[in-house]
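In terms of the working numbering, the sequence shown opens at residue 1 and continues consecutively.
These are computed hints drawn from the structure, not numbers from a lab. Model, not experiment: these values are computed from the prediction. Hints should not be assumed to be uniformly reliable.
Pairs of lysine-lysine residues, derived as DSSO-like cross-links and limited to a Cα-Cα distance of at most 27 Å, are as follows [said to hold, decoys possible]:
1. 108 / 511
2. 412 / 60
3. 60 / 108
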Amino acid sequence: MTAATRNLLVADRPGAFPTIGDALVTATGETVVTIAEGTYPELLSLLGMHVSLVAEAGAKVVIDGSGADHPVLRAHGGSLMLQGIELRAGNHAALFADDAGLDVRSCKVTGGRGPAVSIRGSREFTLSRCTISAVEQGLLIEGASGRVQDTVIEDATGDGIVVSVGAAPVIRDCTITRCGLRGVYVYQYGRPVLEDCEISGTGHEGIAVAHHSAPVLRRCSVHDTSGPGISFAADCQGSVETCSVTNTAEPGLLLAQGASPAVQEAAARASGLEDLLEELDSMIGLPNVKAEVRALVDELQVNEWRREAGLPVGSASHHLIFAGAPGTGKTTVARIYGNLLKELGVLPRGRFREVSRRELVGQYIGHTAEKTTLVFEEALGGVLFIDEAYTLSRAGGAGGDFGQEAIDTLVKLMEDHRDEVAVIVASYTGEMTGFLAANPGLASRFGRQIQFENYTPGELLGIVGRMALAEDYELDPAAESVLLEHFEQIARDANFGNARDARRLFEGVRKSQSQRLRTLGRVPVFEELRGLLLDDVRAAVTR
């Protein structure tokens, strides 16, 4: 019989443990220690224990080992989970894991000598949504396999990430910036996979590979480094796939004699770019939108060629306004635009974060700025898509000043991170003027407004046809005239939903077919299961 998980509380409350160390003394089996807000000057050592240390909801929890000559938190064997905790190191590591299962989520690490976070051994680990800053060395991974995801490593006097002794972690969607030596150093048979990472502002190479290592570097952006962007020493292998290297020492990609990585940058990028443009062109209708997006791509591509030729390139805003009625493809085009920026090397990730008023606006003064900043930071390197943006303005949504606080916060963040994210706001055309007037600097943050026109009845008929084809139905050609007449009627309605109405109608036709087939008194044959008949369409449009 499996023992139940034990739950302990650390807090200045009756019945709770006063320190984390006191709680750990009593920990047996699987133990979850919830920690109330506060700064805890402790050094913790977990030997063979299975413990989760979790900050209480909304609490700022700091384990402070500054000034000490030992790790703030050391785990040997067993397993450790950390969530929402800040570690402050002194003259040693903040976190040292030796052959321990490790899961670190939404934590912050500062200070320390040597590696701030050191992971050694054969156990799997996960490090996600963390920040490691103001350290001597960021993250050391020796011999371990695991995952580093959505993590920022910044302001290290030495290397940002070191992977060695055959370690093979997956490092994805991470930002490594302002390191005194290298952003990522791979040596001693290291075999990491780096995907969609951004490395910048390093004192030496952005990514350096040595001592028989073989990393896979995929869709990474390396820029503004004092040394070469990426370097491979002799006897190193691996691959460099669709990576962007800009404004680095020459050569951007340095291959020593005897190095043999597979380099697939230019051809793969061109192919990916064309695939995305083909996806855009395959959308029904939207001729003006497609032309506007292609014009943006052309401008960005030429700017990149000028930069590579050493010619000046003017600053350009990637922020856009999508104006138009619901159901006109704004979200789909925004996703494609984000991926196009990634393929062009303008942004390091194709990440797409869609939000509305609910995700940005808080319940009290100050809460909104915090929520908006968190959402914005999650979108860095990709696209932040704000649907129904007009509801943030004072005139647009209940809550008044809280929505205004979100707009004011966005204006500052968009300027501070103008080259790190693409913000797209979507709204009805008529409501956009009021939204842009909510802050004097808002309109100037956007480079262009793209107008999304309503779909024509013929285009909506084509959308229904695609829906049927995608789900392996066959639409009766005799129903086309009924559909066209229906779309012509609803297009005059003030609440016309474009493709959303087409989707609702298609679901109605499927429902009608199901009801008809259920009355047959037998199992339908294959052709009957696929067929959407004229009567099914008539029944759906008259509901």
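Results for each hint:
For the hint pairing residue 108 with residue 511, the CA-to-CA distance comes to about 52 Å; that exceeds 27 Å, so the pair is violated. This hinted pair checks out: residue 412 and residue 60 have alpha carbons roughly 25 Å apart, not beyond 27 Å. For the hint linking residue 60 to residue 108, the alpha-carbon distance of about 11 Å falls within 27 Å, and the restraint holds.
Hint 1 from the list above is the single one not met by this structure.
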